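Asks: Dock chain W against chain U, hints included.
There are 2 protein chains.
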Amino acid sequence: MKAVELTGEIVRLIDQRRLPGSLQHVEATDYREVAEAVRNMTVRGAPAIGIAAAYGFYLGALETARRLGPEADPRDLQQPLLQIASLLKGTRPTAVNLFWAIDRMMRRTQELVEGKKSRLSIPEVVEELRREAVAIHQEDIEMNHQMGRFGRDLIPEGAGVLTHCNTGALATGDYGTALGVIRAAWEQGKKIHVFADETRPLLQGARLTAWELVQEGIPATLITDNMAGYLMKLGKIQVAIVGADRITANGDVANKIGTYSVAVLARVHNIPFFVAAPSSTIDLSIGSGDEIIIEERKPEEVTTLGGIRIAPEGIGVANPAFDVTPHRYVTGIITDRGVVYPPYSLNLRRAAGVKSARG
Amino acid sequence: MKAVELTGEIVRLIDQRRLPGSLQHVEATDYREVAEAVRNMTVRGAPAIGIAAAYGFYLGALETARRLGPEADPRDLQQPLLQIASLLKGTRPTAVNLFWAIDRMMRRTQELVEGKKSRLSIPEVVEELRREAVAIHQEDIEMNHQMGRFGRDLIPEGAGVLTHCNTGALATGDYGTALGVIRAAWEQGKKIHVFADETRPLLQGARLTAWELVQEGIPATLITDNMAGYLMKLGKIQVAIVGADRITANGDVANKIGTYSVAVLARVHNIPFFVAAPSSTIDLSIGSGDEIIIEERKPEEVTTLGGIRIAPEGIGVANPAFDVTPHRYVTGIITDRGVVYPPYSLNLRRAAGVKSARG
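So the sequences go chain by chain: U and W.
For the first sequence, position 14 (counting from the first letter as 1) is numbered 14 according to the numbering used here, and the numbering increases by one without interruption.
For the second sequence, position 127 (counting from the first letter as 1) is numbered 127 according to the numbering used here, and the numbering increases by one without interruption.
Worth flagging that the hints you see were computed from the coordinates, not collected in a lab.
Computed from a predicted structure; not experimentally measured.
Check the hints yourself; a few may be wrong.
Remember, identical chains collapse to one label, so a pair may be satisfied in a single copy or spanning two.
[Stated by the list, open to error] No farther apart than 30 Å at their CA atoms in a straight line, the calculated lysine-lysine pairs in the DSSO-like style are these:
no.	residue 1	residue 2
1	Lys298	Lys191
2	Lys89	Lys190
3	Lys233	Lys298
4	Lys298	Lys89
5	Lys233	Lys89
6	Lys233	Lys190
Excised from the complex, chain U in its bound form (with noise of 0.2 Å):
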């Protein structure tokens, strides 16, 4: 099951929004409609709305291509692709990963058009960007099954397993971060229960990873939200794992609103902590949590539940969709090289592959 798919020139993807109940796919068949579907959450998960802002950056190309002629310079091809790139950045703040792959895709054009040596054609360099994309999100799934290796160690023989939102194949390339891990060590043979928070107000919790949870056949119990710190209290919650939109170089998380609580709760029952998250979501060149942006959506989404008003016209709404744990919550991170441990500072930059002063 892919959330997100390209099939020649289609960026197909699972309608996100009408799962549990029916299994629909949205097919966008330009970068327009891909910047939508990731704004109303059609596609939703960081791993997963980079990889479709890199498809759509892709048919964003084919586009600018066909305007421009196969026998126009390449390079001309450079400023279009800024503006597409700054629209589909532009749909969502929180999740670096849409940033990650956008930049990366940019990257990767300026190295076919500008390279000296490059004596590429239009078409050529588009294939190269279908390529890039491609790579992307493959490169996004095995991350992730790395991650599960990595992780399924940590999750103990018999255990009460929590997680918040979805973190599974339809928030990734495929397999899922969190969800991964939990895949991997059920894969693994080990008898554990998972604890599902429904994740209000989207319920992607309910909706998306109770739904691959009963697909898999993982014994689960969906709870909403503010029954976890009384299952951890009665004993019944020996770890808990969840995904990131974007880790800062200090080792704070972004994540889906309520990550926060769960973090802290779980420190107070001396329960491990755990966040899986591919090394595209590491964003060094922030300093701390403080500095992330949290997008703020529409009230409608606390007050409606399926269109139907389940609040008083005339209140105040707050919707923050992400909020900011700090480090020294997280017991470690889970990443695609293996698991990072405090401090983060230091160890966050060898995750993320940068060498230290000293070499």
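Replies: Below, chain W alone, put in the same frame as chain U:
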């Protein structure tokens, strides 16, 4: 606005399942209908269900008296009323006010029919039982105003006040417990801002508390339960106040699921956490919260909303209606007799009017 009213021989209840969409009433004309209204949460909130049950008991006495005839021995009321009491008590297991109210009605029956000087006829006994039920209701309202007077000083000027579930007029005889305290601070002229947890699964915060706050014109923001911790971290909340369904001799508090997490998060952020409850909520017969039976409600409350399925078939569900907050997280308990502080084992006995061994 009264959630529960006795009009002649009818118990008139606001149908709280339909708020805030529409304000409708259910009219119960016999005790079985009252029992069903408590069970299906037409009426909810610990004090309100106590009042409804007392009125239901009166309807039961009326029905029994008619069956026995005015000339029968009033002592013949006792056996049937014990059965009616038992049915009413069997509706919901956690809130003690229900048992307290029924026990008080049963005790009053005993006094009225067994007293040696008693020469009351059956119709006179039934009339006395009506007065007793009305007294329970009136005393509850008076206790709420008392709590307001004691509690309002605990809310600082300009405070962000977090509350959970509904503890207002709808949950009580009128005015409210925790929401009554908030109301009292507002009526005192304090500039406060209320943050109301929506309180999944049944959304009493979104549907009922938000509705009362809008009606009252108190500035308020509705949040999903998983936002509270993050708002505490951001410094938006200065005090948390909740109600209680049962308070044990050591100060442990059973209240709506999610209360425990609010209490723990408040502690971590150095925010005072108060419980407001009438003295009828204090259950000295139980030593600690571990002994409280927690009602497990049906999974559909979690997996559906307004009839719409929000989770896949086949997923397990937990749905405890309440949790227990250990007394060490409780800053103080606001009662109608004053604010009780630790050590609760000693001070709650005083508040409940029990004299110490030394007198």
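Asks: All hints, please: hold or fail.
Replies: Here is what the structure says about each hint:
1. Lys298 <-> Lys191: between (40 Å within a copy, 26 Å between copies)
2. Lys89 <-> Lys190: This pair counts as neither: shortest intra-copy Cα distance 40 Å, inter-copy 44 Å.
3. Lys233 <-> Lys298: between (34 Å within a copy, 22 Å between copies)
4. Lys298 <-> Lys89: Classified as within: same-chain Cα gap 19 Å, cross-chain 44 Å, threshold 30 Å.
5. Lys233 <-> Lys89: between (41 Å within a copy, 29 Å between copies)
6. Lys233 <-> Lys190: Within one copy, since 23 Å is at most 30 Å while 36 Å is not.
Going down the numbered hints, you'll see the structure goes against just number 2.
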